[in-house]
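*Asks:* Letter by letter, the chains look like this.
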Amino acid sequence: MVHKLQKDMLVSEFCGMRFDTPLVLLSGCVGFGEEYTRVKGFTNRDAGAVCLKGTTLEPRLGNPPHRVCETPQGMINAIGLQNPGARHVVDEILPTLDFDETRFIANISGSSIEEYAEVARIFDDSPIDAMEINISCPNVKEGGVAFGNDPDMSARVVEAVRAQTEKPLITKLSPNQTDIQENARRCIEAGTDAFAVINTLMGMAIDIEARAPIIGNNQGGLSGPAIKPVAVLKTHQVYQVCRDHGIPIIGQGGVTTADDAIEFLIAGASAVGVGTALFYDPLVCKKINDGIVAYLERHELTEVAQLVGTLVLNG
Amino acid sequence: MPKAPGRAHDATDTDNPPTVTDTMPNKRPHRDTIHVENARILERAEHPGDQVILRVHAPQMAASAEPGQFAHIQCDPDLPLRRPISILRVDARAGWADFLFKVLGTGTRRLAERRVDDLLSILGPIGKPFEARMTHRRPLLIGGGVGMPPMVFLADRLREIKGAYEPFVIMGSEVPFPFEARPSQIVVPGMPEGVIAAMPLLDDWGIASRLASQQGYPGTFEGYVTDLARAWLDALDEEQRKEVAVFACGPHPMLEAVAALAREYRLPCQVSLEEFMACGVGGCAGCVVEVQTPKGPAMKRVCVDGPVFEASAVFPAA
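If you read the sequences in order, they're chains A and B. Residue numbering for the first sequence follows the working numbering, starting at 1 and increasing by one per position. Residue numbering for the second sequence follows the working numbering, starting at 1001 and increasing by one per position.
Treat the hints with care, as some may be off.
Here are some chain A residues pointing at chain B (derived, C-beta under 8 Å) [claimed, not checked]:
#1 15
#2 38
#3 41
#4 45
#5 65
#6 66
#7 202
#8 203
#9 207
#10 295
No lab work stands behind these hints, which were simulated from the structure alone. As the structure is a prediction and not an experimental result, all values here were calculated from the model. A virtual CB, placed ideally from N, CA and C, is assigned to each residue, including glycine.
Using the sequences plus the hints, can you model the full thing?
*Replies:* In structure tokens, the structure reads:
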């Protein structure tokens, strides 16, 4: 009975969806939803939602190797949106997923506004629970962060996708921009239902013997604990814009422990993304969930929602 | 007929290894195949050339590991991204696994600093293993440098099927071998004069082996592993050569040369690859290599689509 109660403490509502836990497995880290189930003890049920790999209209091969390398307290990646194309994902992959386990969110990417819209149209006619608009991928030449760093372009992408679907839309914001709050305002006007804050920070690592970048794409996206303070700040900044609109946020960037997740919730996130931490420990979600429950009990709270946005700024 | 080592795969899986898209709902054979274990280091041995052998207690991995598979190891808690290390040997009954690695960067340096009784977080076994087939009963195993471990593991499995296989193993290294080589008790046709040094473990198992290096180690062939392989192949008659399949792991240029040799002699050839890796379970697509498929070039993940690939897919004919 006590166990069930603890389980219920983690349940929340996000854009009308029931999340069994506040954790969201991040796009690009967990393939198309089944990859981590190879690991004994891992289950998608420990996450409220799973974001599938970024998907474009046509298949993409992605970037040349090396695509990943470890950096202090984090890692750099430049995968380059390798994916089999939206049609294949909807026809071949979605039917293999168990939608009883968690909510599955598509990650919509493109090189043009038309492509974003077309990918959204394809996913609209599928069992997918929601869509995340990826206007912040730092590792492709066209689209991605080029859209995400320009509030006008961001809004146009959101508007075009909104016209294709009634499913919940989550816009993934880039930290690599001057005014994330202005961008958030414009995306809300354009019809987004939620935000994911943040995508990776652009970075480079150099092989000093070869005097060349380690990553094949030269630069890539920095993730992991190193970016957590940036992500917490951006989450709070976006929360200040969203609060009055009732727009929820998935806070993400460097979460590896329950304490990290709680920081994001306090900063204003309604759900918390987990990515790089899975690479460190594939069974980390259960540990984070247990830690959140322990914190709620210690603070005599009964559900995660009571914690969201409770940050008290210093005078 | 005794069961051939290696996991059963669909005959058509060369270009399209099993992925989630091949599985039906509620029929997901990939699930729960990789274990997370806090493995205690039982033994640790250092060898010249910055080479280290660790024996760890990892009973779940040891129970299901196949030759060619690897473990994704957290080398140090302060360096949390794991490093893929190929499996040298396992003892399923005793529950241990051996790893041989060379210090190449920060991760392997930290791993080399770990001591007996330390705990290592190990994720494994991972990947598509080598697949020997009874139709090719003369496997030629070629291991170069840190590519030696999977060859020892494969030889160990081949010998379990008494008399079924007649393998020949060639090990190459440009740093001192991580074992004390000794004159072989097994005669190998075609070997140049004086090439008598063998890996003692393999010799004790009754498996023929010879060593190659440019460094002039005693009893060792002075040249490339592929030159020694050619000498062995040329000493076989036509019928015997048809029974040869090549298995290789080592530096990329060596694998390319092995693939070319296999193509020249029209031999099936599987190679094991490595690449920088993040998740190790197929989630991030960080570790891909470009391979040729009937549908054109594709980027395949070394971790779960490999690490073993058909050589012809990785090194297509020019």
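*Asks:* Interface hint check: residue 65/A, Cβ to nearest Cβ on chain B, cutoff 8 Å. Holds or violated?
*Replies:* Hint holds; residue 65/A Cβ to chain B Cβ min 6 Å, cut 8 Å.
*Asks:* Does residue 41/A meet its interface restraint, that is, does its C-beta lie within less than 8 Å of any C-beta in chain B?
*Replies:* holds, 6 Å
*Asks:* Go through the hint on residue 295/A and say holds or violated, using the shortest Cβ distance to chain B against 8 Å.
*Replies:* Interface hint status for residue 295/A: violated (23 Å vs cutoff 8 Å).
*Asks:* Hint residue 15/A vs chain B: min CB-CB distance below 8 Å?
*Replies:* This hint is violated: residue 15/A lies away from chain B, its Cβ roughly 25 Å from the closest one there, beyond 8 Å.
*Asks:* Could you check if residue 38/A really has its C-beta closer than 8 Å to a C-beta on chain B?
*Replies:* Where the cut-off is 8 Å and the nearest Cβ of chain B is about 5 Å from residue 38/A, the hint holds.
*Asks:* With a cut-off of 8 Å, does the beta carbon of residue 207/A approach a beta carbon of chain B closely enough for the hint to hold?
*Replies:* violated, 10 Å
*Asks:* Would you settle whether the hint for residue 202/A is holds or violated, based on the nearest Cβ-Cβ distance to chain B being less than 8 Å?
*Replies:* Since chain B brings no Cβ nearer than about 17 Å to residue 202/A, farther than 8 Å, the hint is violated.
*Asks:* Identify whether the interface hint at residue 66/A stands, where standing means a beta carbon of chain B within less than 8 Å of its own.
*Replies:* For residue 66/A, the interface hint holds, since the closest Cβ of chain B sits about 4 Å away, which is under 8 Å.
*Asks:* Hold the hint about residue 45/A up to the distance rule: shortest CB distance to chain B must be less than 8 Å.
*Replies:* violated, 13 Å
*Asks:* Does residue 203/A pass the interface check with chain B, least Cβ-Cβ distance below 8 Å?
*Replies:* violated, 15 Å
Violated hints, listed in ascending order, are 1, 4, 7, 8, 9, 10; each of the other numbered hints is respected by the structure.
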